[in-house]
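Peer 1: Given next are the chains, with one letter for each unit.
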Amino acid sequence: MSSLSKLQRRQAGFAYLMLLPGAALLAAFTFYPIVRGLPLAFTNYSVVDTTKWIGWDNFKRAFHDPTFGLALKHSLLYVLIVPVIQILSILMAVLVNNRLRFIHFFRVAYFIPVVTSMVAAAIAWKWVYQEQGILNFFLLKLGMIRQPISFMVETKLALLGVMAVTVWKGLGYYMMIYLAGLQSIPGELQEAARIDGAGRLRVIWNITIPLLMPFVLLCSLLSVMGAIHVFDEVFVMHGPSGDPAYSTLTASVYSYKVAFQDFEFGYAATIGLLVAIIIMIVSILMFRYTRRGGLTYYE
Amino acid sequence: MAGKIKLTAAGLVCALLLSLLSACGGGSNGGTGTGADGGQSGSNQQGAAPGNGEKKDITLQFWTIALSPNFDDYMNGRIRKYEDENPGITIKWTDLPYDAMENKLLTSIAGGSAPDVVNLNTGMTMTLAGKNALVDMNKEATPEQRSIYFETLYNSAKLGDSVYAFPWYFGLSAFLYNKQIYEQAGLDPNKPPTTWEELKEQAIVIKQKTGKYGFVPTYNPPSDFYFSGVPVISDDKKTIILDTPEALEWAKWNKELFDKGIVPKESLSSDANYATDKYQSGQIATLITGAQFLSRVKTNAKQVYDNTLVAQMPTLKSGKYRAGLMDVVVPVKSKYHQEAIAFANYITNDESQLEFAKVVNILPSTKKAAADPFFTQGGADPESKAKIITAEEAAKGQDFTLGVKDENKIVEPLWKGWQQMLLGDVSPEDFLKNTQAEMQKLLDQVNAGDG
Chain A
163 MSSLSKLQRR QAGFAYLMLL PGAALLAAFT FYPIVRGLPL AFTNYSVVDT
213 TKWIGWDNFK RAFHDPTFGL ALKHSLLYVL IVPVIQILSI LMAVLVNNRL
263 RFIHFFRVAY FIPVVTSMVA AAIAWKWVYQ EQGILNFFLL KLGMIRQPIS
313 FMVETKLALL GVMAVTVWKG LGYYMMIYLA GLQSIPGELQ EAARIDGAGR
363 LRVIWNITIP LLMPFVLLCS LLSVMGAIHV FDEVFVMHGP SGDPAYSTLT
413 ASVYSYKVAF QDFEFGYAAT IGLLVAIIIM IVSILMFRYT RRGGLTYYE
Chain B
-12 MAGKIKLTAA GLVCALLLSL LSACGGGSNG GTGTGADGGQ SGSNQQGAAP
38 GNGEKKDITL QFWTIALSPN FDDYMNGRIR KYEDENPGIT IKWTDLPYDA
88 MENKLLTSIA GGSAPDVVNL NTGMTMTLAG KNALVDMNKE ATPEQRSIYF
138 ETLYNSAKLG DSVYAFPWYF GLSAFLYNKQ IYEQAGLDPN KPPTTWEELK
188 EQAIVIKQKT GKYGFVPTYN PPSDFYFSGV PVISDDKKTI ILDTPEALEW
238 AKWNKELFDK GIVPKESLSS DANYATDKYQ SGQIATLITG AQFLSRVKTN
288 AKQVYDNTLV AQMPTLKSGK YRAGLMDVVV PVKSKYHQEA IAFANYITND
338 ESQLEFAKVV NILPSTKKAA ADPFFTQGGA DPESKAKIIT AEEAAKGQDF
388 TLGVKDENKI VEPLWKGWQQ MLLGDVSPED FLKNTQAEMQ KLLDQVNAGD
438 G
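Those protein sequence lines, which keep their order, are chains A and B.
For the first sequence, position 17 (counting from the first letter as 1) is numbered 179 according to the working numbering, and the numbering increases by one without interruption.
For the second sequence, position 39 (counting from the first letter as 1) is numbered 26 according to the working numbering, and the numbering increases by one without interruption.
Heads up, some of the hints might be wrong.
Below 30 Å or equal to it, Euclidean Cα-Cα: the simulated DSSO-like pairs (lysine-lysine) are [to be verified]:
hint	chain 1	residue 1	chain 2	residue 2
1	B	285	B	126
2	B	304	B	354
3	B	285	A	288
4	B	194	B	242
5	A	222	B	225
6	A	288	B	91
7	B	396	A	288
8	B	68	B	322
9	A	222	B	420
I should point out that these hints are in silico values taken from the structure, not numbers from a laboratory.
Since the structure is predicted, the reported quantities are computational estimates derived from the model, not experimental observations.
All chains, full assembly: derive it from the sequences and hints.
Peer 2: If you want it as structure tokens, here you go:
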């Protein structure tokens, strides 16, 4: 700090001042609840009844709770959407990075699902999935099925149906990040490669993708986090029990159910904590194994 | 250096991740005790405590579910009358949407501002009663206050020897059917089904002849089994009795309809609006619903309403009918139990309920109000018919509950198993056997006090 000039110190001070309101809000509404919430995992807190400290009982219960096991399995299965969503959004970003006519229209069109409320989107998709919905209509018209499919009811399809909604909703968001990434890649690198005789695919594979790696890491991380604690779409489309027969129940929805239906806030906090630990482990692993890529500037 | 930066970044991300999962941490009391008498009331205490002979100056917070704005005039009228008759007591009425009530109530209890009188359905009542959050009316209400209700309805909120609510209004289902679809199917509209077996036979004909569904089941496995003649729980509340011939018959009856596509598969995970929506759009021949919902059909689909006939509900083996009951409870954290109970009793008394029934097509839970000629008189329109028909069913109405703590948890395997059975993941026989065993295990835990 002592090596900084007076101007730099003033600038740093101003920057911290600007950060202060956001930091205060974060402290009040994020970190304070975490600090207050963590001890709950060791209690039988239910709001209305007497609260007792029960040590590790909630954790032992979680390890023997088959419904939690099933919910966690679904949450981890949900991570399967990550490669799908990332590959598709990279392709979309490459597509909309071209200087074509109406490209602004396509960029906006792809982004519309992102700004649509998840509740509204989930309700709309419920209509799409109905036996008399538009998806069955097209599949029947195309001769791909003979009978309408109950996408919302079949246990093997219900979770896939929600995953598809998550992919649809998230594509535009990641596309925009990748688009920003693509536009930050110096054009001369790609031009140099082309001059050296590299084809379009080779440029993408050897230049574009490696330089996009920091963005891939960021987007994959956000996507994994979002997948593991997915809540909104499951809750709106299949209710707090993950109907039918728990087939779409995820860990976050189960946590809600335990807290707000059974009033076992202590156990719900334990579930939340366990899921947070899992996400932390996955995130650390991702950081560890996806370090490479991006531009390195030498001073 | 780069490694350190990445490690720091990883740490920051982890902290943010934790923040994403902190939703269940709200409303903590920090692990300290929140015993039944430990909190503060939400009432505005402006004067002397009740019962000490001094003038009262009390505000009672009264919460209801989804009554405003449709019934503002009725509610405000009753409240004004009560305040006039009870000087010093002010009622502050708050109406909440159905979905918001439970969370809002919990939040207010946690925040030390519990309301004094609350309208809940029996499910919510029993859950809160199991958490010792409600006043036991058998202990704190007077025999005169308790005596005005039908015993079966009063006992809906019974847990052990305690009863945690006064029953309020309730709805029974009437059988509505579309005359036009019946005629298209070649069925006589003057012969609606009188049993569920006849309903099934007619549904098969309707599906074959018109391609439309005969009816949409609104599954509620615990109640459905009970009203089909399955005890579900023993009288001493210690044994689950689910694996019976009657239960097997009911399970197979439903599975056959489901497998053959006589009822829509979506009924398995749909809410109550699904059936009404389909009926309104003319896609389903019959609708089993409360008489009060007829007005919705009238408003949304006049043509369907004009073709609607009303009949008595087909009977199940028990001969009883499922009542969707609303209760009025007093949270233990109310500071004015006596006054709150008195107001709860007033808003559910004969006079209040009869007046309410005249405003909306519901049934009263008090004996005297139910005997009023209003419930046997009416015109030939579907709404009047539905009123008279459901009033006739009222004496056999019951809101079934297990009557044990943690009921939600105990019946969960039944809901899950029911869906698995219908979807073919398990046979009806195995479903009943496994579910009985699972429920028994949970019941034993609850009875042992470690549920």
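Peer 1: For the pair supplied as a hint, residue 304(B) and residue 354(B), is the alpha-carbon distance within the 30 Å limit?
Peer 2: holds, 25 Å
Peer 1: Mind checking the alpha carbons of residue 194(B) and residue 242(B) for me, to see if they're no more than 30 Å apart?
Peer 2: holds, 16 Å
Peer 1: For residue 396(B) and residue 288(A), compute the direct alpha-carbon distance and say whether it is at most 30 Å.
Peer 2: holds, 28 Å
Peer 1: Does residue 420(B) sit within 30 Å of residue 222(A), going by the straight-line distance between their CA atoms?
Peer 2: At roughly 28 Å apart (the allowed maximum being 30 Å), residue 420(B) and residue 222(A) satisfy the hint.
Peer 1: Take a quick look at whether residue 285(B) and residue 288(A) sit within 30 Å of each other, Cα to Cα.
Peer 2: Given pair residue 285(B), residue 288(A) holds - Cα atoms ~26 Å apart, limit 30 Å.
Peer 1: Can you confirm whether the C-alpha distance between residue 285(B) and residue 126(B) stays at or below 30 Å?
Peer 2: violated, 45 Å
Peer 1: With a cut-off of 30 Å on the C-alpha distance, tell me whether residue 68(B) and residue 322(B) pass.
Peer 2: Since the Cα atoms of residue 68(B) and residue 322(B) sit roughly 23 Å apart, the hinted pair holds (cutoff 30 Å).
Peer 1: With a cut-off of 30 Å on the C-alpha distance, tell me whether residue 222(A) and residue 225(B) pass.
Peer 2: Roughly 27 Å between the alpha carbons, so the hint for residue 222(A) and residue 225(B) holds.
Peer 1: Straight-line Cα separation of residue 288(A) and residue 91(B) no greater than 30 Å?
Peer 2: holds, 28 Å
Violated hint: 1 only; the structure is consistent with all others.
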